[in-house]
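Engineer: Chains as they are written, first to last, in the numbering used here: chain A, 131 to 418; chain B, 131 to 418.
It is possible that some hints are incorrect.
Stated by the list, open to error - Using 30 Å as the maximum straight-line C-alpha spacing, the simulated BS3-like pairs for lysine-lysine come out as follows: (1) B:379 - A:208; (2) A:320 - B:379; (3) B:250 - A:417; (4) B:196 - A:379; (5) A:196 - B:379; (6) B:379 - A:286; (7) A:250 - A:369; (8) B:286 - A:286; (9) A:250 - B:417; (10) B:286 - A:315; (11) A:181 - A:250; (12) A:250 - B:221; (13) B:417 - A:417; (14) A:221 - A:158; (15) B:286 - A:369; (16) A:250 - B:250; (17) B:369 - A:286; (18) A:320 - A:286; (19) A:379 - B:286; (20) A:286 - B:320; (21) A:315 - B:379; (22) B:315 - A:379; (23) B:208 - A:379; (24) B:158 - B:176; (25) A:379 - B:320; (26) B:315 - A:286; (27) B:250 - A:196; (28) A:221 - B:250; (29) A:320 - B:286; (30) B:196 - A:250.
Claimed, not checked - Chain A regions said to be covered by chain B (calculated; three or more residues, Cβ under 8 Å): (31) 259-273; (32) 286-299; (33) 330-344; (34) 378-387.
Claimed, not checked - Per label pair, the in silico range of CB-to-CB distance: (35) A:200 - B:314: 47 to 53 Å; (36) B:248 - A:131: 36 to 42 Å; (37) B:332 - A:200: 38 to 44 Å; (38) A:269 - B:162: 37 to 43 Å; (39) B:322 - A:219: 55 to 61 Å; (40) B:248 - A:320: 46 to 52 Å.
If you are wondering where the hints come from, they were derived from the structure by calculation, not from laboratory data. Where a beta carbon is used, it is the ideal one built from N, C-alpha and C, also for glycine.
2 protein chains.
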Amino acid sequence: MYGGIEAGGTKFVCAVADQSRDIIEKIKIDTTTPEETMRQVIDFFKQYHIKSLGVGSFGPIDINEKSDTFGYILTTPKSGWSQFDFLGYLKEYFDIPMYWTTDVHAAAYGEYMNATDNIKSCLYLTVGTGVGGGLVMDGEIVNGFNHPEMGHIIVKRHDEDNFEGSCPYHGDCLEGLASGSSLEKRLGRKGNTLETEDEVWDLVAYYIAQALVNYTLVVSPERIILGGGVMNQELLIQKIRNQFIELNKLYVTHPAVDNYIQIPRLGSNAGIVGALSLAEKVLLENKI
Amino acid sequence: MYGGIEAGGTKFVCAVADQSRDIIEKIKIDTTTPEETMRQVIDFFKQYHIKSLGVGSFGPIDINEKSDTFGYILTTPKSGWSQFDFLGYLKEYFDIPMYWTTDVHAAAYGEYMNATDNIKSCLYLTVGTGVGGGLVMDGEIVNGFNHPEMGHIIVKRHDEDNFEGSCPYHGDCLEGLASGSSLEKRLGRKGNTLETEDEVWDLVAYYIAQALVNYTLVVSPERIILGGGVMNQELLIQKIRNQFIELNKLYVTHPAVDNYIQIPRLGSNAGIVGALSLAEKVLLENKI
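From just these sequences and the hints, can you work out the full model?
Structural biologist: Here's what the structure looks like:
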């Protein structure tokens with residue numbers, strides 16, 4: 131049996147699956163303090179004999195195995211969680227192989243594993259309160275000295291947009307211009323209270339499409355998945371596709387856009403399904 | 131013995147190396163017509179008993195093994211070379227394993243293999259007549275449905291820059307604003323006739339640094355190498371490093387910038403050395 135954790139800033143999803151990848155049980159836990167939340171995580175998994183665990187966590191996290199703080203959540207605005215030794219805590223209770231990565235990498239892996247066509251690469255971008263992305267290339271999660279932080283890429287400003295942006299670091303990076311929190315700052319009300327016809331969606335689509343063009347030019351993944359709360363806005367995905375075509379200027383010959391840029395096949399389960407698949411992966415690789 | 135070809139739009143470099151990676155002979159051939167140039171390539175390698183061949187070619191090229199035009203140079207402004215079956219031509223004369231990739235991927239691989247520290251990833255950006263990049267992550271060249279075209283990423287315009295850009299596709303993408311040909315169009319004279327103090331170098335540094343910030347946010351390679359003729363401008367690399375730090379806003383904790391952003395250790399040999407290393411790689415992988 132495999133265990134999976136999708137550790138989000140608002141809630142944790144924990145699940146166990148059998149060898150045929152069927153989910154046996156799945157629970158949601160509020161993200162409060164590490165002590166409270168992790169106690170429930172441990173209690174959940176103690177009911178099962180899991181052989182490995184896949185963890186996709188909100189970030190930033192330390193993924194460098196040579197680092198003293200490998201397995202930690204790094205500096206985060208989420209109260210109580212900065213410098214929390216997440217992996218170390220789990221290892222105290224379960225002496226089993228664990229795959230440690232970001233929540234968005236796990237979602238990318240989940241979508242990659244569950245695609246109905248035979249893709250080898252997949253980029254997953256979540257556009258929610260913040261913007262973040264994960265990347266699978268040739269079947270492997272891609273990290274360099276750090277995990278991706280692609281939600282913060284610099285974008286070209288739209289001529290008619292004077293909003294200064296909401297990112298505390300960069301101001302008008304992608305997250306500063308297209309995240310849910312940037313919409314709230316820009317408009318004084320939440321994005322989900324806006325009409326489909328609101329012109330701001332054209333701006334959001336313009337910035338997200340620019341990011342997708344740039345990701346395509348750098349790594350050309352075979353599929354791009356757009357998740358997160360902001361993507362619940364009807365018609366946004368089609369606006370993004372249209373802008374993507376417009377900005378590409380027929381330069382890169384990409385897969386048909388409806389196939390290339392998609393919403394998650396797994397819906398909100400991409401992260402937890404990916405975490406379970408990563409548990410399977412780490413066990414296989416440890417056995418080899 | 132291994133063979134390597136760095137196929138550039140102006141000249142080809144061909145070399146053979148022995149098993150200790152020492153180069154036995156290296157020649158340069160003008161890039162004229164495929165018939166003329168390739169005849170000399172074949173004659174050169176026929177003198178040796180090469181066991182495998184690494185080819186890094188100017189692009190765009192078809193790297194999709196399932197494609198009917200795998201191994202071809204695709205549509206290129208270089209007269210006579212569009213739709214040339216490069217790999218097929220070589221295979222007619224040499225029935226040996228071949229590694230087929232772009233010139234910039236080969237350069238990235240060369241720099242990765244010859245780094246004195248133990249890096250696993252390396253991004254190589256050439257800023258010359260055009261701008262192009264190659265990428266090695268976890269020791270492997272990274273391609274998706276296409277090889278990277280990262281020289282064409284969309285950048286944010288500098289407030290004081292009104293130049294429309296020179297890219298025939300995008301206008302003011304990175305290549306359209308920072309390549310050698312864009313400098314010539316912008317100023318009416320070649321970049322290598324400019325003074326070090328010319329203000330245009332600050333603009334060039336701003337756009338290149340922006341691209342490097344975005345590459346870092348997407349894949350965070352452990353090293354970024356900047357090659358190509360424009361980089362011969364003294365002080366440009368330092369201006370780029372300064373702008374990189376400025377644009378990052380202390381967001382990503384990257385390696386020390388002098389170590390992170392470098393000129394090629396191998397100088398102008400990065401491409402051919404990489405091609406030879408790829409010949410070695412393809413032979414090893416075929417043997418397994």
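Engineer: Hint numbers the structure violates, sorted upward?
Structural biologist: Checked against the structure, no hint fails, so every one of them is satisfied.
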